[in-house]
Structures are given as structure tokens and as C-alpha cells.
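From just these sequences and the hints, can you work out the full model?
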Amino acid sequence: SQKIEQNSEALNIQEGKTATLTCNYTNYSPAYLQWYRQDPGRGPVFLLLIRENEKEKRKERLKVTFDTTLKQSLFHITASQPADSATYLCALEDGNKLVFGAGTILRVKS
Amino acid sequence: GAVVSQHPSWVICKSGTSVKIECRSLDFQATTMFWYRQFPKQSLMLMATSNEGSKATYEQGVEKDKFLINHASLTLSTLTVTSAHPEDSSFYICSADSGSKNYNEQFFGPGTRLTVL
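Line by line, the protein sequences are chains R and D.
Per my numbering, the very first residue in the first sequence carries number 921; after that it's consecutive.
Per my numbering, the very first residue in the second sequence carries number -10; after that it's consecutive.
It is worth saying that the hints were derived from the structure and are not from the lab.
Any given hint could be a false lead.
Said to hold, decoys possible - Below, a list of computed lysine-lysine pairs in the DSSO-like style, where the Cα atoms sit at most 30 Å apart:
{"#": "1", "chain 1": "R", "residue 1": "Lys1017", "chain 2": "R", "residue 2": "Lys983"}
{"#": "2", "chain 1": "D", "residue 1": "Lys3", "chain 2": "R", "residue 2": "Lys991"}
{"#": "3", "chain 1": "R", "residue 1": "Lys1017", "chain 2": "R", "residue 2": "Lys937"}
{"#": "4", "chain 1": "R", "residue 1": "Lys937", "chain 2": "D", "residue 2": "Lys30"}
{"#": "5", "chain 1": "R", "residue 1": "Lys937", "chain 2": "R", "residue 2": "Lys991"}
{"#": "6", "chain 1": "R", "residue 1": "Lys991", "chain 2": "R", "residue 2": "Lys977"}
{"#": "7", "chain 1": "D", "residue 1": "Lys9", "chain 2": "R", "residue 2": "Lys1017"}
{"#": "8", "chain 1": "R", "residue 1": "Lys991", "chain 2": "R", "residue 2": "Lys1017"}
{"#": "9", "chain 1": "R", "residue 1": "Lys1029", "chain 2": "R", "residue 2": "Lys979"}
{"#": "10", "chain 1": "R", "residue 1": "Lys923", "chain 2": "D", "residue 2": "Lys90"}
{"#": "11", "chain 1": "D", "residue 1": "Lys44", "chain 2": "R", "residue 2": "Lys923"}
{"#": "12", "chain 1": "D", "residue 1": "Lys3", "chain 2": "D", "residue 2": "Lys55"}
{"#": "13", "chain 1": "D", "residue 1": "Lys30", "chain 2": "R", "residue 2": "Lys977"}
{"#": "14", "chain 1": "R", "residue 1": "Lys1017", "chain 2": "D", "residue 2": "Lys90"}
{"#": "15", "chain 1": "D", "residue 1": "Lys30", "chain 2": "R", "residue 2": "Lys1029"}
{"#": "16", "chain 1": "D", "residue 1": "Lys53", "chain 2": "D", "residue 2": "Lys30"}
{"#": "17", "chain 1": "R", "residue 1": "Lys983", "chain 2": "D", "residue 2": "Lys30"}
{"#": "18", "chain 1": "R", "residue 1": "Lys979", "chain 2": "D", "residue 2": "Lys55"}
{"#": "19", "chain 1": "D", "residue 1": "Lys44", "chain 2": "R", "residue 2": "Lys1017"}
{"#": "20", "chain 1": "R", "residue 1": "Lys1017", "chain 2": "D", "residue 2": "Lys53"}
{"#": "21", "chain 1": "R", "residue 1": "Lys975", "chain 2": "D", "residue 2": "Lys90"}
{"#": "22", "chain 1": "R", "residue 1": "Lys991", "chain 2": "D", "residue 2": "Lys55"}
{"#": "23", "chain 1": "R", "residue 1": "Lys975", "chain 2": "R", "residue 2": "Lys991"}
{"#": "24", "chain 1": "D", "residue 1": "Lys55", "chain 2": "R", "residue 2": "Lys923"}
{"#": "25", "chain 1": "D", "residue 1": "Lys30", "chain 2": "R", "residue 2": "Lys923"}
{"#": "26", "chain 1": "R", "residue 1": "Lys983", "chain 2": "D", "residue 2": "Lys90"}
{"#": "27", "chain 1": "D", "residue 1": "Lys90", "chain 2": "R", "residue 2": "Lys977"}
{"#": "28", "chain 1": "R", "residue 1": "Lys1017", "chain 2": "D", "residue 2": "Lys30"}
{"#": "29", "chain 1": "R", "residue 1": "Lys991", "chain 2": "D", "residue 2": "Lys30"}
{"#": "30", "chain 1": "D", "residue 1": "Lys53", "chain 2": "R", "residue 2": "Lys923"}
{"#": "31", "chain 1": "D", "residue 1": "Lys90", "chain 2": "R", "residue 2": "Lys979"}
Just so you know, these numbers come straight off a predicted model, no measurement behind them.
Shown next, in the form of C-alpha cells:
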């Protein structure tokens, strides 16, 4: 069956450290993968997209990697700040649809 | 970026009543809009794809007669939850397709919290 798995447990880190979130998928062959941020009671906000032929993508303090062999994407936030605390969702392209993981809660403590 | 609004942001209704949720693309036209449902601590689940001027495409397991979708213009899609029951209580989120040819770029609304008593 098809699955998208993100760490179900919250990730707690200290301000200034690098947060690394994982997205693993099974039985999908996405042409691209996206990462979103979602705050409580709000809709998702797009952060980054990475294509299957790209190994790494960066935007300011964010970095995404995509390994189609491992079927895994890693999402990094460097120099994390308390304002980065949120739920982060990965989403795979599946035809004309996006399929979302359940998200990982990130808590950055000052 | 493009802005998508939803109205209302939250609604409480009695069991058996119908509730309409609006999704608007404010500064762009969207041929395609999507409706998702999200239960606490779970992922967004696509309910249906709404295409302007045609019938919506529903995902497996979503009752089209219960969740009525109307996409009457390029900036407005509505979702009506008919004869709502407590199990329909959820967070409903819409998104609008930007029309990008390169990938499925969707802009999301802020969501509508539905509570059915």
C-alpha cells in the first residue's frame, strides 16, 4: 500500500540548533516533493519544492534533500528560532493531486 | 504570493442541518480548487477536486451527496455539508491551483473549523 511517513513524535530542540525532519514514502514515484508549514488552526503555507532530479534545494535557513533511491526527503532548518515552532508537512505529487504526510511538530525552545 | 480566503473561519451547527463553506481566490483565477479535511493530529485528506463549470471529482469513500461542491466561477468554490452529524466535525481546508504548468502549485486557505453538536 502507499504510505507517507513523518516522525509522529514532536521534535524538541534548542534555539540556534539545526532541526532535521524526515519524510519517507512507499509505493509512490513522485516527480517532485513539497514541504509546508502549518500553524495551529491555520492552513498550510508552502515552503519549498524539490524535483526528482534535484538532490538538494535551499532557501534562506531552509534546506531540503530528496533521495529517490531511499524514497526519503530530509528538511533542515538551520539556526532555528522559537518562531519556527510549527507542524511541518511533506506532500508528494501523485498525478494531479498532492498527498500529505501527517506532519511533524517542531518545538524550538529559547 | 496568491491569497485564498475561506468563510466562515469557524461554524457551530446542530446535527441534521447543512453548512456551506466558501473558498475564494482573491487575486488570481483558479480553474481547479481542492477540498481537504483534517482531523486532529492527522494529515490533510483530499476530499474532492473542484473544476470550474463541471462536476467535482470525489475521492474514494467521500459521499458526493453529502458533500456538495459547486465551482460556479473562477474565483469561488463552495462546499456544503448536508445533514451534518457530529462525526463531520473537522477542519476543512480548500486550496486553489495556480495553473502552473510545471507542477501542482496550490495556495491554501486558512481553513474552516466545523463543530456539529
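**Prompt:** Which earlier hints turn out false for this structure, listed by number in ascending order?
**Reply:** Failing hints, ascending: 2, 3, 18, 22.
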